[in-house]
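Student: One letter stands for each residue in the lines below.
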Amino acid sequence: MFSERDTIRQVPGLSKSRLQICIREGWVSAATGEQGLSFAEIDVARLQLICTLQDDIGVDTDLLPTLLSLLDQVYGLRQDLRDVMRAVDAQPSDVRAQILLHVNEQL
Amino acid sequence: MSETLYKALGLSKSATQAEIKKAYRKLMKQLHPDLNPGDTAGEERFKAVTAAYDIIGNKDLRKRYDAGEIDETGQETPQKQYYRQYADKDGANPYANQTGYGDMGEMDDLFQQMFRNRRAGAQGAGYQQAAYRGTDRRYHMKISFLDAALGGTKQIQMADGANLKIQIPRGIDDGKTIRLKGKGEPGINKGPAGDAYIQVEIEGHPVFRRSGMDVEVTLPITIYEAGLGARVKVPTLRGPVGLKIPAGANNGKILRLKGRGIEAAAGKKGDQLVRLAVEMPAEINPEMAALLETWREKHAYDPRGEMMKGAANV
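Quick note, the sequences are listed as chains A and B, same order.
Using the numbering used here, count along the first sequence one by one with no gaps and you end on 670.
Using the numbering used here, count along the second sequence one by one with no gaps and you end on 684.
There could be a bad hint or two in this list.
[What the hints assert, rightly or not] Computed from the model, here is a short list of chain A residues facing chain B with C-beta under 8 Å:
hint: 1; residue: MET564
hint: 2; residue: SER592
hint: 3; residue: GLU597
hint: 4; residue: ALA603
hint: 5; residue: GLU604
hint: 6; residue: ASP619
hint: 7; residue: ILE620
hint: 8; residue: GLN636
hint: 9; residue: GLN642
What the hints contain is simulated information worked out from the structure, not anything from laboratory work.
We put the beta carbon where it would ideally sit given N, CA and C, even for glycine.
In isolation and in its complexed conformation, chain A is listed as follows (with noise of 0.2 Å):
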């Protein structure tokens, strides 16, 4: 866990004013801490994340949360399809089969 302080030291490129507005726009939920705010390394590697798409490759802040949104809907359609992954694998072999056959008829 990081206090604001380290999280923004820890951030290329990340300053406090900067930090404040993706707090404020929802694209980082910050928790709260025994000492203000805290950041988890998801959060961290998350403003990371939108300085990159900010500096490097160029990504216009209109864009930006729509490109979050997009992405936090792919990495929640990744965790729905592991699940269900497990959920297949942990099948007795010939309702595997079964599976498998159908989704290779739906193409």
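Starting from the known structure of chain A, fit chain B onto it as the hints suggest.
Tutor: Below, chain B without anything else, positioned relative to chain A:
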């Protein structure tokens, strides 16, 4: 002189600084691993591109690379961490959006049933007009090693100033999240309240260390306890217990106290691992020295023989 780095960006040595930047941006858009989770080939390519740009994207480093002063790897660069490493961790991504199955017709029921437990309350906004579920709140909390191992309660102050009493489940591991249903922001128009997610960080302990469900301690023993064997007291999570040290126990030997480790809520019990650390007396007095000298005369041994042989063979 090498052109490897230019090739990684699809350029030749004569490229201008602006062309390098342009090529880099274009490839970043295509290859950034956070935008292409799961594409390992693209990720390798991306790493090469980033590494190349770190050097030839910088005028000074580029000069030195062109002059052959530094190679493709240039200098030590700090390890880059990627969002996807955290975003793709099972159940650990609070940003993941998994509510978009409303348009899947008859499949919708199946999806809702499948993921109901995970997303209780997240659905329904579309049916009951303008009844929105409250936003989730996130908290970080430090808890002591013993509270984490044995369970306990802790209070945190919420954003609105109210205190929230939290039951710490016995055996909780570092980085895990406790979910308190309905303790987030209130809902809008009779929508359900959001949840509170409390991520815990476990503080270190001067005596105990944790390794999964096992607890490790290092136990200092005397040379006579090591040599002759002894019964000694060892601290455990639930108070001291007796431990038999076998005669001739070596430094670093690990003894296992079954069932004395972390006990999870489900009833699974870890062990306590006791690592012996033979401690010499504070002072080697003449009596001790004489004893060791007499002993050496008759029983000298070489603990490094195998080691020296092994090192020479490589």
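Student: Next, verify each hint and record whether it holds.
Tutor: The hints, checked one at a time:
no.	hint	in the structure
1	MET564	holds (5 Å)
2	SER592	holds (6 Å)
3	GLU597	holds (7 Å)
4	ALA603	holds (6 Å)
5	GLU604	holds (6 Å)
6	ASP619	holds (6 Å)
7	ILE620	holds (5 Å)
8	GLN636	holds (5 Å)
9	GLN642	holds (5 Å)
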